[in-house]
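Undergrad: Sequence:
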Amino acid sequence: MDDTDKDYFLIPTYQRGYKWTSVNENSHVKVLMKDLYNAYQESSKRYYLQFITLKDLGKAFEVIDGQQRLTTLTILFALFHNFEEFSTEENFIVNKLNYQVRKNFIDEFIYNNIDELIASNDWDYFLSRNDQHNNQDVFYIFQATICINNFLLNLSSRNTLKNFYNYICNNVVLIVNVFDKKMNSEKLFVNVNKGIKLKDDDLIKGLLITKIPRDNEKVRYRLNEIEINEMRVTLGRQWDEISHWATCDDVRKYFNQNNEKDITWLLKLAFPKVNNLNSDISLFTYIFKLNKDGVQAKKIFEDIYKTKLILVDWYNSYEIYNLLGFLLHSRNSNTLFGIWKDLSDLKTKTSITKKLKELVKNIIPFDEDNNLLKEINYHDSKNNIFNLFLILDVAKSLPINGQEQTFYNFFRIDNEKWSIEHIFPQNAEELKNIDQLSREDLSLLKELLPSQIEDVELNVDDDNIIPAVSDLLNKIQSSVDKLNIDFSESNILKLLLSNNAKELHKIGNLALLESGMNSSLSNNYFETKRKKIVEKISMGHFVPSHTYDVFSKLIIGSRTSLHVWSKEDINLHEEYINFKISNLFQYLNS
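Each residue of the sequence shown is one higher than the one before, counting from 26 in our numbering.
Hints in this document: simulated from the structure, not taken from any laboratory. Hints may contain errors.
[To be verified] With a Cα cut of at most 25 Å, we get these calculated DSS-like pairs of lysine-lysine: (1) LYS187 x LYS224; (2) LYS561 x LYS442; (3) LYS323 x LYS372; (4) LYS333 x LYS298; (5) LYS324 x LYS314; (6) LYS507 x LYS557; (7) LYS421 x LYS380; (8) LYS421 x LYS374; (9) LYS382 x LYS605; (10) LYS317 x LYS333; (11) LYS121 x LYS44; (12) LYS531 x LYS442; (13) LYS366 x LYS380; (14) LYS471 x LYS578; (15) LYS386 x LYS224; (16) LYS519 x LYS507; (17) LYS84 x LYS121; (18) LYS298 x LYS314; (19) LYS314 x LYS442; (20) LYS236 x LYS314; (21) LYS442 x LYS286; (22) LYS471 x LYS561; (23) LYS314 x LYS70; (24) LYS507 x LYS527; (25) LYS372 x LYS399; (26) LYS519 x LYS500; (27) LYS224 x LYS323.
Remember, predicted model here, so these are calculated numbers, not experimental data.
Build the full structure now, drawing on both the sequences and the hints.
TA: Below, the structure is given as structure tokens:
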């Protein structure tokens with residue numbers, strides 16, 4: 026008020042009375058006091074008590090919206106100054122709140138003699154001595170005063186009381202909207218729901234919509250009231266368009282912002298420097314300071330809107346959508362904010378696409394010099410292998426060799442938990458339910474496992490296990506249609522496959538499968554999985570296209586049976602992967 030040369034706040038007669046409750050734990054006053062104290066304990070830089078809307082009356086501000094908060098703060102500071110610790114402090118709230126209908130009570134029991142009100146403690150006792158104040162508004166003010174006083178009395182020490190007071194004076198902020206004195210007060214008046222802290226995006230919206238019309242105040246032509254209102258309506262509509270798009274489930278999921286329920290993620294892209302600041306500094310505080318330091322609200326809004334337009338353009342461009350989507354949904358260290366930093370200075374789609382191609386190349390395990398896949402294994406390189414198979418799938422949606430572009434479905438890969446698994450199982454977890462080897466399983470094992478015990482590699486110290494290994498090998502070699510195996514034999518098989526059958530470790534024996542599919546099966550691994558995949562597709566469910574191509578033998582040809590997974594299939598699959606990645610890199614280098 027000192028900055029604006031105003032003497033007091035006026036609460037006009039058309040305002041509803043004071044209605045904040047104070048009794049239960051979720052009451053307005055108790056929630057406010059707990060929130061203020063929590064902010065103080067957490068040393069928050071700023072605590073915002075929403076907006077208040079005022080009308081300039083010359084020497085006073087008429088309160089259009091915010092009287093509940095102003096009244097509660099008046100009571101709070103009056104109670105602070107009733108403590109001995111504040112006897113030397115200026116009681117700056119005296120006569121600063123002027124009620125047209127409750128003036129006598131505020132003067133008598135809040136600005137003065139508040140200790141008499143506290144001493145009453147009971148409403149009926151208070152009325153027995155002051156029956157002229159028997160009305161609902163005074164009742165709520167009385168209850169709020171008792172509630173706040175008890176809260177302050179329960180603070181751990183007098184030093185805490187002093188620090189809490191200083192925190193509220195220096196860190197608690199009301200955001201003020203001021204209307205011109207010519208505006209009709211009653212038309213502006215809006216009842217306010219109290220006790221709810223606004224989120225950053227709400228505060229920013231209110232700040233910008235309020236401030237932008239004022240950007241014109243220092244120019245020759247100033248907007249009139251109608252033009253200001255029209256501008257605010259337009260700005261509100263544009264903000265709602267941004268919010269609707271940025272909070273759409275598909276958009277949030279694509280940009281990997283699943284945990285963001287509002288548009289904060291988009292605002293942080295528009296103002297990336299906020300990510301480097303102390304975590305105590307909120308996004309609103311940052312933008313509020315930008316405006317205070319001279320950046321026009323219009324420029325701030327334009328930066329936000331421009332960010333949305335850029336993201337929409339990326340989202341609707343096949344090539345950018347697929348390349349960026351791969352970076353966001355593959356397993357790597359790239360984040361949306363890091364990628365935005367790399368792309369934000371680029372002006373054309375061509376330059377953006379080129380940069381995205383570079384970033385994609387960096388996370389694919391391919392040796393360009395030798396035109397071969399890098400040496401990677403399942404146990405140490407699961408993320409690299411996942412990225413490899415994901416890009417094989419995404420590549421079918423990219424403009425490679427003239428193929429038609431489509432939008433790849435990244436959500437289904439995430440939501441249905443597709444992961445890298447062995448086509449024919451190789452480790453203990455995948456083989457935990459095995460109880461029978463089918464004709465097809467036996468055929469592959471005969472190809473892969475040594476036929477004699479002398480050629481078997483066993484990383485065990487117990488020589489007593491060798492006869493059991495030899496016995497299982499003989500059973501596998503002699504069986505034709507199927508082989509039932511018991512629990513002990515399944516453990517022997519796990520041991521055999523982990524140290525022998527080198528082809529099972531190859532990338533050609535891997536594919537994107539639903540997590541846990543191998544461990545849920547007990548026999549006939551390839552054919553059972555093939556049927557499950559065909560069934561999913563026939564029911565309209567998602568299956569990665571490369572996975573379908575592998576199990577339907579479309580990428581291997583007819584050299585082996587549709588129902589069998591063989592050593593030759595593993596090698597042919599690996600050759601195919603190498604060929605497709607080589608083609609992909611030609612595209613990425615273009």
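Undergrad: For each hint, tell me whether it holds in the structure or not.
TA: Consistency of the hints with the structure:
Restraint check for LYS187 and LYS224: the C-alpha separation of about 29 Å exceeds 25 Å, so the hint is violated. Annotation: proposed proximity of LYS561 to LYS442 holds, straight-line Cα distance about 15 Å (limit 25 Å). Restraint check: the Cα-Cα separation between LYS323 and LYS372 comes to about 22 Å, which is no more than 25 Å; the hinted pair holds. At roughly 17 Å between alpha-carbon atoms, LYS333 and LYS298 fall within 25 Å of each other, so this suggested pair holds.
Under the criterion of a C-alpha separation no larger than 25 Å, the hint pairing LYS324 with LYS314 is consistent with the structure, at around 14 Å. At most 25 Å may separate the alpha-carbon atoms for a hinted pair to count; LYS507 and LYS557 meet this at roughly 21 Å. With a CA separation close to 20 Å, the supplied pair LYS421 and LYS380 stays within the 25 Å bound. Annotation: proposed proximity of LYS421 to LYS374 holds, straight-line Cα distance about 21 Å (limit 25 Å).
Distance hint between LYS382 and LYS605 is fulfilled; the C-alpha atoms sit about 16 Å from each other, no more than 25 Å. Taken as a hint, the LYS317 and LYS333 pair is honoured in the structure, with Cα atoms around 24 Å apart against an allowance of 25 Å. Our distance criterion of 25 Å between C-alpha atoms is met by LYS121 and LYS44, whose separation comes to about 20 Å. Between the alpha carbons of LYS531 and LYS442 the distance comes to roughly 22 Å, so the proposed pair stays at or under 25 Å and holds.
The hinted pair formed by LYS366 and LYS380 meets the criterion: a straight-line CA distance of about 11 Å does not exceed 25 Å. Taking the CA atoms of LYS471 and LYS578, the gap is near 21 Å; set against the 25 Å cutoff, the hint holds. Between LYS386 and LYS224 the alpha-carbon distance is near 39 Å, which puts this suggested pair outside the 25 Å criterion. Taken as a hint, the LYS519 and LYS507 pair is honoured in the structure, with Cα atoms around 18 Å apart against an allowance of 25 Å.
Distance restraint check for LYS84 and LYS121: the Cα-Cα separation of roughly 12 Å lies within the 25 Å cut-off, and the hinted pair is therefore satisfied. Our distance criterion of 25 Å between C-alpha atoms is met by LYS298 and LYS314, whose separation comes to about 13 Å. Pair hint LYS314 plus LYS442 does not hold up; C-alpha atoms about 43 Å apart against a cutoff of 25 Å. For the suggested pair LYS236 and LYS314, the alpha carbons sit about 13 Å apart, so the restraint of at most 25 Å is met.
For the given pair, LYS442 sits about 22 Å from LYS286 by alpha-carbon distance, which is consistent with the 25 Å threshold. With a CA separation close to 31 Å, the supplied pair LYS471 and LYS561 exceeds the 25 Å bound. For the hint linking LYS314 to LYS70, the alpha-carbon distance of about 13 Å falls within 25 Å, and the restraint holds. Between LYS507 and LYS527 the alpha-carbon distance is near 23 Å, which keeps this suggested pair within the 25 Å criterion.
For the suggested pair LYS372 and LYS399, the alpha carbons sit about 34 Å apart, so the restraint of at most 25 Å is broken. About 15 Å separates the Cα atoms of LYS519 and LYS500, which keeps this hinted pair within 25 Å; it holds. Between LYS224 and LYS323 the alpha-carbon distance is near 21 Å, which keeps this suggested pair within the 25 Å criterion.
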